[in-house]
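Chemist: Each chain, written out:
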Amino acid sequence: MTLADLAPGDTATLKQINTTDPGVIRLMVLGMVEDITVRLENIAIGGDPLEVGFFGSSISLRKEQARYFEVTRIPASD
Amino acid sequence: MTETPDIKIPVSGIGIRHKARATVALIGNPNAGKSTLFNRLTGLRQTTANFPGVTVEKHLGTVQLEHSAINLVDLPGVYSLDGHSADERIAVDVTLGRVAGTERPSGLLVVIDATHIYQGLYLLEQLLELQLPTMVALTMIDAATASGITIDVEGLQTALGGIPVFPVSSISGHGLDELKAGLEDITTIDTPDIPASWPEFSETARQLTRQLGDDWQRIDVIQALLQTHPDLAGKLSQQLGAETVASLREKLFGDSPPAAAEARHRYHWVKGVIEEVQEQAPLYRKVGVRLVRWTNQPWPATLLFFAVLILVFQAVFTWATPMMDAIDATSSQLGRWLVTQMGHNAFSSFLADGVIAGVGSVIIFLPQILILFLFIIILEDTGYLARTSFLMDRVMRSVGLSGQSVIPMLSSFACAVPSIMATRVIPDRKDRIATILAAPFMTCSARLPIYALLIAAFVPNDPVGWMNLQGLVLFGLYLLGILGGLGTALLLKSSALKGPKPRFILALPEFRKPNLQTVAIKLYGRGRIFLKRAGTVIFVIAIGVWALAYFPRMDVAQYQLTQVVNPESSQFERDNAQAAAQMSQSWLGRIGRKIEPVFKPLGWDWRVSSAVISGFPAREVVVAVMGTIYAVGSEADDQSLSQKLRSATWPDGRLIFTLPMVLGLLVFYAWCLQCVATLATIRRETNGWRWPIFAWVYMTSIGYGGAFVIYQVGSML
Numbered sequence: 001m002t003l004a005d006l007a008p009g010d011t012a013t014l015k016q017i018n019t020t021d022p023g024v025i026r027l028m029v030l031g032m033v034e035d036i037t038v039r040l041e042n043i044a045i046g047g048d049p050l051e052v053g054f055f056g057s058s059i060s061l062r063k064e065q066a067r068y069f070e071v072t073r074i075p076a077s078d
Numbered sequence: 001m002t003e004t005p006d007i008k009i010p011v012s013g014i015g016i017r018h019k020a021r022a023t024v025a026l027i028g029n030p031n032a033g034k035s036t037l038f039n040r041l042t043g044l045r046q047t048t049a050n051f052p053g054v055t056v057e058k059h060l061g062t063v064q065l066e067h068s069a070i071n072l073v074d075l076p077g078v079y080s081l082d083g084h085s086a087d088e089r090i091a092v093d094v095t096l097g098r099v100a101g102t103e104r105p106s107g108l109l110v111v112i113d114a115t116h117i118y119q120g121l122y123l124l125e126q127l128l129e130l131q132l133p134t135m136v137a138l139t140m141i142d143a144a145t146a147s148g149i150t151i152d153v154e155g156l157q158t159a160l161g162g163i164p165v166f167p168v169s170s171i172s173g174h175g176l177d178e179l180k181a182g183l184e185d186i187t188t189i190d191t192p193d194i195p196a197s198w199p200e201f202s203e204t205a206r207q208l209t210r211q212l213g214d215d216w217q218r219i220d221v222i223q224a225l226l227q228t229h230p231d232l233a234g235k236l237s238q239q240l241g242a243e244t245v246a247s248l249r250e251k252l253f254g255d256s257p258p259a260a261a262e263a264r265h266r267y268h269w270v271k272g273v274i275e276e277v278q279e280q281a282p283l284y285r286k287v288g289v290r291l292v293r294w295t296n297q298p299w300p301a302t303l304l305f306f307a308v309l310i311l312v313f314q315a316v317f318t319w320a321t322p323m324m325d326a327i328d329a330t331s332s333q334l335g336r337w338l339v340t341q342m343g344h345n346a347f348s349s350f351l352a353d354g355v356i357a358g359v360g361s362v363i364i365f366l367p368q369i370l371i372l373f374l375f376i377i378i379l380e381d382t383g384y385l386a387r388t389s390f391l392m393d394r395v396m397r398s399v400g401l402s403g404q405s406v407i408p409m410l411s412s413f414a415c416a417v418p419s420i421m422a423t424r425v426i427p428d429r430k431d432r433i434a435t436i437l438a439a440p441f442m443t444c445s446a447r448l449p450i451y452a453l454l455i456a457a458f459v460p461n462d463p464v465g466w467m468n469l470q471g472l473v474l475f476g477l478y479l480l481g482i483l484g485g486l487g488t489a490l491l492l493k494s495s496a497l498k499g500p501k502p503r504f505i506l507a508l509p510e511f512r513k514p515n516l517q518t519v520a521i522k523l524y525g526r527g528r529i530f531l532k533r534a535g536t537v538i539f540v541i542a543i544g545v546w547a548l549a550y551f552p553r554m555d556v557a558q559y560q561l562t563q564v565v566n567p568e569s570s571q572f573e574r575d576n577a578q579a580a581a582q583m584s585q586s587w588l589g590r591i592g593r594k595i596e597p598v599f600k601p602l603g604w605d606w607r608v609s610s611a612v613i614s615g616f617p618a619r620e621v622v623v624a625v626m627g628t629i630y631a632v633g634s635e636a637d638d639q640s641l642s643q644k645l646r647s648a649t650w651p652d653g654r655l656i657f658t659l660p661m662v663l664g665l666l667v668f669y670a671w672c673l674q675c676v677a678t679l680a681t682i683r684r685e686t687n688g689w690r691w692p693i694f695a696w697v698y699m700t701s702i703g704y705g706g707a708f709v710i711y712q713v714g715s716m717l
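Protein chains in written order, with the numbering used here: chain A, 1 to 78; chain B, 1 to 717.
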């Protein structure tokens, strides 16, 4: 499962990151590295781009880059 | 007996002005509250300039402390020192003292937003490698408290190796005194030799620096190892041998790209620190926060976007009108008054029709531009503009650009000059140039006078549904501009500027209340830039056009001819007839007649042609020139000018302003690049003449082509 497969409101832990895309490296510099928990906040009309939240920040990215992030979804607790 | 006035001056209010003895660089993430803190610390003792050779703004200010003063350089907001954009490169170069004319800072004040210290601590750890005295301002501390975040400041200070951390709130002023007291001793701060986030790497860099000798600083070695500075990387391979460097890199980074390895190591450490020093209260969300979250959802956000857009346009076009009318009335009255005082002569005409009319034609746009900027700055300050990019990314993708081109294109509806400067945030050069070339198509405020004149004169005011035909035509012209811009972007992005698909990686700041002082300072700055840049150009042109229309003067015989045409006519009519005769034999009139054949296929006679020609440097002068040419005097109200235009004929009696001709003329104005200020800005921002020349030729061609097709096809029907 990748970041691109999450639904709005889902939380997940970032696992494997494929660093072959320069955009992915930029996202890592912005803090999207392995083992952090992210929340898919919003998806724009048309299904793209995505808004991802972590540690109080929000970053937008397109699905093309989101596919490079393997994630483990955290089931909702309530 | 003289009375000595009893003046009481609060001692703290005078203060002693100290001379700055050190320069401190203010650095932090974008939206971390850096500018607000800068304004708070320096007040109005600041200057804005560009860093030499680049189009990045440099803000310099002085902070008066109790016992001394320091200079503060506000650097662009950055997330990392890897030189991703022009802004990041300049921030690094300034802190390293590589920028000519900017003193190397003797200390760093790092701004970290208390509501998200995650990215702030990452940048701080990179900055510690600079080995400069460093201290931290933890901004927005009350916003953090309000959202349930507590930060153990002492714990954080320890984790950072003992560098001082000052929690502050620039809004309430909380903590500013302590911060200022801390700044007093900034140069004595001991920065840890080895920052805690990636000790193996820092240690390697430290040893290499010693080994390499005096012309290497640790940050140079780091940039060489991380391959963020190609020259230094080359130099390092040369001095140590390519193999040694390769094996060093493998040991440090494994098989991942250096920047990815750095992010993994440092953020892993940052995450650990946050778990230790930060507590987040169980999520309790206030109504306001919940409302903002709701409006960030796709559909509410998109509807809100259009509502905001309508409000801004409404404001720009209705609020500004009274002020624009007042400026117009004042400048023409002043001109008339001058002529009555000084009599009719070349000098009074120069002052009234050249200087005053020229200055007036510049400042008349100031109300619209200031209102538009006010909205844009507020939207920027609240973080809403970034949201707009997010919403519109999908649309921009269809023409090969990304959401980051939306902001420049929106501000282009006021004026293309600041909008072209706003393209600096676009990281890819090709995307940036495509945006620069698309922006001048948007209907700027200078196109409005000619649109208003032609629509009022030739489009009937018939109701069409809930709108009327005039409104519909104006809307159509806006649409024509948008289509022209997007079409141009699409064309360029699939040919000359073809490149990798743009990515849309953008930090979306949280909604925040705008700060009045920041808004006021920014508005003042942009207004001044507009007056200076656009003002000088338009002013010079207005004087040039005046001279072309004023010289050579008619001789006395011709003059008397205009006075005896109709003895019944009033002085006003005789003056107008004289002005028209003068225009016809002036340089401008002669040029108009020379180039008439070029524009004849569009249905324009020499008068329209010379008005259009005079508008090439700045399109807004066209209405005034038409007024003069059509002999109603440049002060004529639109009513009489409209009537003159409607009855203007060719020598054989056919009407000049037919519907196809007028529609063609409107299309010409929608697409043609008649603005020297825009061309100059494109030249500056693209560093050469290639793109401004291309833009001018391209836009003039399609404007001419559009008008040609409409006139020819329309006349056949």
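Fair warning: there could be bad hints in the mix.
Claimed, not checked - Simulated restraints on C-beta separations:
(1) Gln157/B <-> Asp5/A: 37 to 43 Å
(2) Gln211/B <-> Pro75/A: 36 to 42 Å
(3) Trp299/B <-> Asp5/A: 45 to 51 Å
(4) Asp5/A <-> Glu275/B: 55 to 61 Å
(5) Arg684/B <-> Arg67/A: 28 to 34 Å
(6) Pro75/A <-> Gly148/B: 44 to 50 Å
(7) Thr72/A <-> Glu200/B: 24 to 30 Å
If you are wondering where the hints come from, they were derived from the structure by calculation, not from laboratory data.
Note that CB positions come from ideal geometry on N, CA and C, so glycine has one too.
Chemist: For every hint, state whether the structure bears it out.
Modeler: Outcome of the hint check:
1. Gln157/B <-> Asp5/A: 37 to 43 Å: holds, 42 Å
2. Gln211/B <-> Pro75/A: 36 to 42 Å: violated, 53 Å
3. Trp299/B <-> Asp5/A: 45 to 51 Å: Violated: the Cβ-Cβ distance is about 22 Å, outside 45 to 51 Å.
4. Asp5/A <-> Glu275/B: 55 to 61 Å: violated, 28 Å
5. Arg684/B <-> Arg67/A: 28 to 34 Å: With Cβ atoms ~39 Å apart, the hint is violated.
6. Pro75/A <-> Gly148/B: 44 to 50 Å: violated, 24 Å
7. Thr72/A <-> Glu200/B: 24 to 30 Å: holds, 29 Å
Checked against the numbered hints above, the structure breaks hints 2, 3, 4, 5, 6 and satisfies the rest.
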